[in-house]
Structures are given as structure tokens and as C-alpha cells.
Amino acid sequence: MWKNISFVLLQLMILWAIHQLGLFLTEWASIPLPGNVLGMVILFILLVSGIIPITWIERGAKLLIKHLTFFFIPICVGLMTLGHMGISEGIFLMFVIMLSTCIGIIVTGGMSQTISRKKEE
Amino acid sequence: MNTILIVHIVMTIAVYMITKKIYQRFPSPFLTPIFLSTVLIMAILIFRDVPYSQYEPAKNVITYALGPATVALAVPIYKNRKFILKHGLAAGVSLILGSTVAVVISLIMAHLFQITKSVSVSLSVKSATVPIALEIASLNQGDLALAAIFVMVTGMIGAMFGPRLLNITNISDPMARGLAIGTIAHGIGTAQIAREGEIQGAVAGSAMALTGVYLSIFLWVF
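For the record, the sequence lines run as chains A and B. The first sequence begins at 6 in the numbering used here and counts up by one. The second sequence begins at 20 in the numbering used here and counts up by one.
Next up, chain A with everything else stripped away, as it sits in the complex (with noise of 0.2 Å):
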């Protein structure tokens, strides 16, 4: 077992290197993309490049992604200093969102299903 979690702590290690690579070389050489976008990028290219095989980092990789959602709690806990909005305003702009995300969303998906279809037929 200790073998294991030393073995995922190791991969965790290394997407922590890649993405500290990419905050650097954003902040280096000015490149208007967040360093985490970057560091993605790059680890995609070491892949495909086969510098770095899939088995050193797949389970580090795998178990980050499966708990993607709890990473973004505290942030979302950080509405709760909302307080100060006016509450006719906050419930127009939720109505905003609302509105464009669901659209958003049916016209993104709707799209993409009937161009794949389309070209099946």
C-alpha cells in the first residue's frame, strides 16, 4: 500500500512540476495564456512526443480529475461575501446567467450532435 501511495505521490509530483513550468514560461516570455493552459499544453506535447510515456503520470492524472469538483468548492464558499449586492440586482444578473448558460449549452451540444450526424449520413 505504502508503495503505492508513494508511487501516486510521485506522479502528483510531476504534474505539479509541469504546471509550475508553465507559470513560468507565461510569466518568461509574456504569453497571454494562464500558466495552467499552458502547463496542459505542454504535458500534451511531451505525451505525443513520447518524452514522457502515459504510465508515469495516468493515475496522479486520473485521480486530480476525479476529484476536480472538490478543488473548486472553497472558491465557490467565496460567494457568501456577496452580501453587500443589492438583491434586485443580483436576482437580474442571475437571471442573466441562467438564460445565456442554458442557451449556450443547448446550442454548443445541438450543434455538435447535428454536424456528427450530418456527416455519418
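In silico DSSO-like links for lysine-lysine, alpha-carbon gap of 30 Å or less: (1) B/Lys105 x A/Lys124; (2) A/Lys71 x B/Lys39; (3) A/Lys67 x B/Lys78; (4) A/Lys71 x B/Lys40; (5) B/Lys101 x A/Lys123; (6) B/Lys101 x A/Lys71.
Partial chain A-side listing against chain B, Cβ under 7 Å, derived: (7) Trp21; (8) His24; (9) Asn41; (10) Gly44; (11) Leu52; (12) Ala66; (13) Phe75; (14) Thr86; (15) Val101; (16) Met103; (17) Gly114.
Hints in this document: simulated from the structure, not taken from any laboratory. Backbone N, C-alpha and C define an ideal beta-carbon position, used for all residues, glycine too.
Dock chain B against chain A, hints included.
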């Protein structure tokens, strides 16, 4: 490390695990782990009279792992790269159309009801993932605190109602489902839709990254 920090981290983990179990038993939108955990932790903090500023160190520790977790999304993209490449055009067109529609609706509503510019800018970035959204908002003179809130609310709405909305509208194609949620509801939505299957997760993860890139270009040109 101080005790309060550890207590808050352990509490967050415990609440998350409990809400996950509850959601497995009762899969209702209002019991989605992201929503229920947020509400429960807020309730605990308010009940114990703890201000958010005291919870913030725990937030910083947990959020720190969000970076490596985003990097990890390269794995499902890599594993499904042939599939994604094959459908790249359809996905790209839908992503651009969908996220543009979402932004335009917000901007039209904001214009009709004469919302100030800093608020409408914050609204327009809400489909991007947090680090990208904040970056774009600050480049366009948006309100950063509001932008973060809008992004979170969008993600939660997408995670809570997105999958059901797709069921109602008969969108069953795994790629379309992943794309729709990842494009509009970024990381929070991706976390939710990834439970449906690996294709959904991979497509949502790549869509989330690409939407961030697309929105930064779109709003810059606009």
C-alpha cells in the same frame, strides 16, 4: 500550519465526501456535490460565526492543487486524441458558435438594462475557466470580484442543470454533451460531465481550454 487551517481543510474534504455519497443515492440537481458542498460549508461557517477571511487560508491551499489538476486534463485529451482530431471541425464550429451566443446574450441583456461597463465585461467572461476569465476581465477593465462570482455561478448552473438540459433536448452524442458543458460551464461543468464517461471528460477538458483561448481573442477584437 495552524489548527484552524487543518480543521477547515478536513471539514471541506469531509463535506465533499458526504455530498458525493448523497448524490450517488439521490441524483437531483440540487444535490450536485459542488452545489450542496458549497451551501453546507457556507452554513457551517455562518452558524459558527466564522468570517470567510478565516476560511481563506484553507481555500488557498486547496485551490493550489487546481493548477496541477488542470494540467492533468491533458491525459484524457491525449488518450482520445484520434477521436478529437477526427471531429475537430464540428467541435470547433460548435464551440465558437455556442460561446459567442452565450456572450452576445449577456451583452444584449446588459445593454437593454443599462448595466455599467465593468459589470457587463465581467458577465462576458463567465464561460471561461477562472484563471483565464480573471485575466481577460482585467485586460478589459471588468470588475474582478464580480467576474469570479459570475464564473462560479455559471459553472454551478452548468453542472447542476446542464446534463438534464441535454437530456430534455435529446442531445445524447457523448462528444456533443462534453463539448456543450466544457465550452459553457468550464472546469466545474467538466468535473460533473466527466462522470458520464471518458469521451465526455476529454472533450469537455479540451473545450474548456479552447474556449478560454477563443474568448480572450474574441473580447480583445470586440
